[in-house]
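Visitor: Starting from the given sequences, assemble the full structure and let the hints guide the process.
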Amino acid sequence: MARYFTDEHEWIDVEGDTATVGITDYAQEQLGDIVFVELPDVGAMLEKGKDAAVVESVKAASDVYAPITGEVTEANDALEEDPALVNTSPEEEGWFFKLTIGDRDEMEGLMDLKAYKAFVDEL
Amino acid sequence: MRYLPLTDTDRSDMLATIGADTIDDLFSDVPEEARLDGPIRGLPMHASEMAVEKHMRLLSKKNLAASDAAFFLGAGAYKHHVPASVDHIIQRGEFLTAYTPYQPEIAQGTLQMLFEFQTQVARLYGCAVANASMYDGSTACWEAVAMAGRVTKRSRAVLSGALHPHYAEVVKTMAKFTGDTIAGASPSIQPEPDTAGLIARIDDDTSCVVVQYPDILGRVNDLNEIADAAHAKGALLVVVNTEPVALGALKAPGDMGADIVVGEGQSIGVGLQFGGPYLGLFAVRDPKHVRQMPGRLCGETTDAEGKRGFVLTLSTREQHIRREKATSNICTNSGLCALAFSVHMTLLGEKGLRQLAAENHRLACLAADKLAAIPGVEVLNTAFFNEFTITVKTDARAMVRKLADKNVLAGVSLARLFPNVDTLSSRLLVAVTETTSEADIETLCSALKEELS
Amino acid sequence: MKAPNKSGWKPSMQSDDGMQSGPATNSGNRALMLEEPLLFEIGNTDMTGVDLPEIDPSATTRMGGLERVDSIGLAGLSEPETVRHYTRLSRQNYAIDLGLFPLGSCTMKHNPRLNEKVARMPGFADVHPLQPVDTVRGALEVINELAHWLIDLTGMHGVAMSPKAGAHGELCGMLCIRAALEARGDARKVVLCPESAHGTNPATAAFAGYTTEDIPAGKDGRVDLEALKARLGPDIAAVMITNPNTCGLFERDMKAISDAVHAAGGFVYCDGANFNAIVGKVRPGDLGVDAMHINLHKTFSTPHGGGGPGSGPVVLSEALSPYGPLPYTARTKDGVVHLVEEEQADAFSEEHSDGKMQSFGRMTAFHGQMGMFTRALTYMLSHGADGLRQVAEDAVLNANYVLRSLEDLLHAPYADSGPCMHEALFGDKGFGDDLSTLDLAKGMIDEGYHPMTVYFPLVVHGAMLVEPTETESKTALDQFIASFRSVAQRANAGDASLKQAPYYAPRRRLDETQAARKPVLAYREQSPPAGKPTLSEQGGS
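Taken in sequence, the protein lines are chains L, V and U. For the first sequence, this note's numbering gives the first residue as 706, with consecutive numbering after it. For the second sequence, this note's numbering gives the first residue as 3, with consecutive numbering after it. For the third sequence, this note's numbering gives the first residue as 4, with consecutive numbering after it.
FYI, nobody ran anything at the bench for these hints, they're computed from the structure. There is no bait here: all hints are sound.
Below, simulated BS3-like cross-link-like pairs (lysine-lysine); rule was C-alpha separation at most 30 Å, straight line:
#, chain 1, residue 1, chain 2, residue 2
1, U, K477, U, K432
2, V, K155, L, K753
3, U, K120, V, K408
Guide: In structure tokens form, the structure reads like this:
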């Protein structure tokens, strides 16, 4: 399994033809207490770079963009009940959604952990 | 100028502190050619309190106050008695001159009041959650249509022909710009609403069905059938109520399957005021729809010492955070009108509201019977609350104008409400409230008799 | 996501460290600071504060068998209890009547009580919107007289009076623009707004069917004219600009901006939220504005009422005036003021304006916020043309006085570029470790002030926007400045006690995260102690 990062602070785990997407620890730290996550419907077609989900803290709502193109196969329903999971376990239990990988070429240009760390350090 | 506390000495001291020579130095960013060199010509100079009051009183005298007439107008705005303590409380400076409660530690008065208001409205409407109010009933109606579109992801709204025509106009105006389709209809002038006809217009693309209850002709009917039909097609039922007093006697829309209930709250605590400011009420039956609601919401929480307190919440729906993706561009609510509503509702309580509703209905029944006994007058409705439609054997609109000269404001002619429907000239909408005396009813009846004889 | 949390505000800034303040009392009250239970905890469904006839259970009804049988659950109180409940609640509010209320962009000025008296005259307060026109001539004259003032003060061509609040007025203006574009068959799609704009601007543009794009700002806090010009083209329907802008600065290039937008075929919408800074000094019409809403509750002092009602008439240029909403009033040559509704619209337009009027439709059920019109007109007549000019001058003077009295202590991002208008803007640069704008704001509460606007505009980190208004005396300003300086010094020095402020307000910091995660939006009865019925179980009637 490989993990990639975007410069919009999403992480993507790739396993076979499926990718799991969430937001990074850095992003949740910046947002503060998450109070609500709006997830895409299963079956929705997402397009790379377009709105996929919304994550809300008390006074900010941020769009989460689809890091790659694909069809949503699963959404993390646990976040509906307990949005705080995004704070406590952003890169594991607080995942957002899974989607099929439409075009592997889109993975190009995504960062690995080291590159993302360097990117965040620059901010 | 009595409202401006700075003296000329203050002004020059302050300019010195700032490091400016003249006040105009502070306007140096304004291009020279755009600066006015003195008071705008053609407008009067400042005036004393006494002089201004006199001017305004003369203007006010050119209007016929409802209380100075035998008064029977309704159609979305109703004359009710407002207890003196309501106006006293809304003039307390801590309510009158406070801002939106964005700093909750020093706005618990407004916030707790809004929480109580939301609870009162939700219960009155038979709903789970109500917001902290909208501009008025007509804009709340449009907001409900827009919300139904977000929930169902559809864009065709079906309006009952017996929806207040001004509300329908507001919805149609807004829909022109949002691209929604609005299926309107003309009112069917029958003793009972045309439920079958309305249901037949619901299709698989329908986001919501909008019905008024009691409707614009004053008729009331069971909404369960419409709710079932809407839900079977995946559409929401939006119910509009323009007379909240009615819900002290009539089943609540939320208890008959309405998904969104909106309305005008003016009847409780807010005077007629020539149409505004009024009070838009907005509630949803199912709490899962809360995040799609427009407008402010007040919620309960605790403070750092564990004490109960209230805050504005779920504000990520709103324009100041969501900007172009907000559920609505609404920024204000009708805070002070919501306070007036809440105080009046507290004075009434359930007991008083039920008594008030019963008294309205009793007098309306009395008026309907007396009017029906006049040759040339027929009462259309089989069922009504405090407003009903009559047919007169003359041009109702001309008659209303004529009777106004005799201090009888006989009602709202349907021809005024529906100028594009040409079969309504003999119809008149008559509203009766607890402020209507039996003598007023007699006055109306004799005036009609005289007109029609 | 893009730049998460630009403003810098975080819920974790709310601290949960309590501080003991004297011994606890049995009641929970602290002398004049009185705790007040919820209405539903002290009232019940059988109590009422009005005297109405008992219901006759034998009376026949004609409600189609739809009688409401189940309890509604509406708690009532007697009149003395009602007055006390709300009076106690009122004392937990800050208000202009209590002190300086420096909320930037909100314009919390004194609300003259004559306005309240006038609005309550029976000829205004007790008039139905659908009365025959001959019985409401005075009301129509008020609307028309106020319209006349607004047109003269702004140098514009027409005014739409019916919008119910500022944001509703914005919508009205944008709908006029869209109607005008459609009338010439021009389907432009994009509206430009500066990043510093009020949130209502992009929300309104979206509601009117447009996509929005940011206008770049220059280093001086103003629109970057060259960048704007570069973006203009056949797809731009309108540019929305606030002037004076939300940084409290006058857009010096406004006329050039308007000219450029017009040359590119677009319209200029001006957010008039800050008109109070320039009323009587500058007319937006002279700057090329096509539409501007006026918040009567800001510039013309109608009360904010804890969040409304507002009123948002929109002044319009000659190009947009024909498209304004119905109903409207118009005075004809014979001196008569007419009420024009759907019914008369076409004929009236033919007879009096060569058929030019092509209203986009109705925005609200009736004629707008009459109760606000009477108040605003009273305010204008009291001030007169000379007094209103003085209003703008004193508002700007007071704001500059605050700016120059704090700039040595606080980061004032645009102070070097010249005077501000009616509000002074500061940022959080220079605060001690871990201290934020929110902490400073809460410290101001303990000093007895409502805080300034915080975290707005978004273009300045930890923004604090201070608008003293013209109705503050120099003494009041000096006291406020002394408090502000004291709290700012504590913030700069890293005084950790600020993190728990306020200490002396009716409530300590409230947990907004809890409120949003598990929303409780209506009162629910707790399970009752044995033998005690809940409110909803008590009989209704």
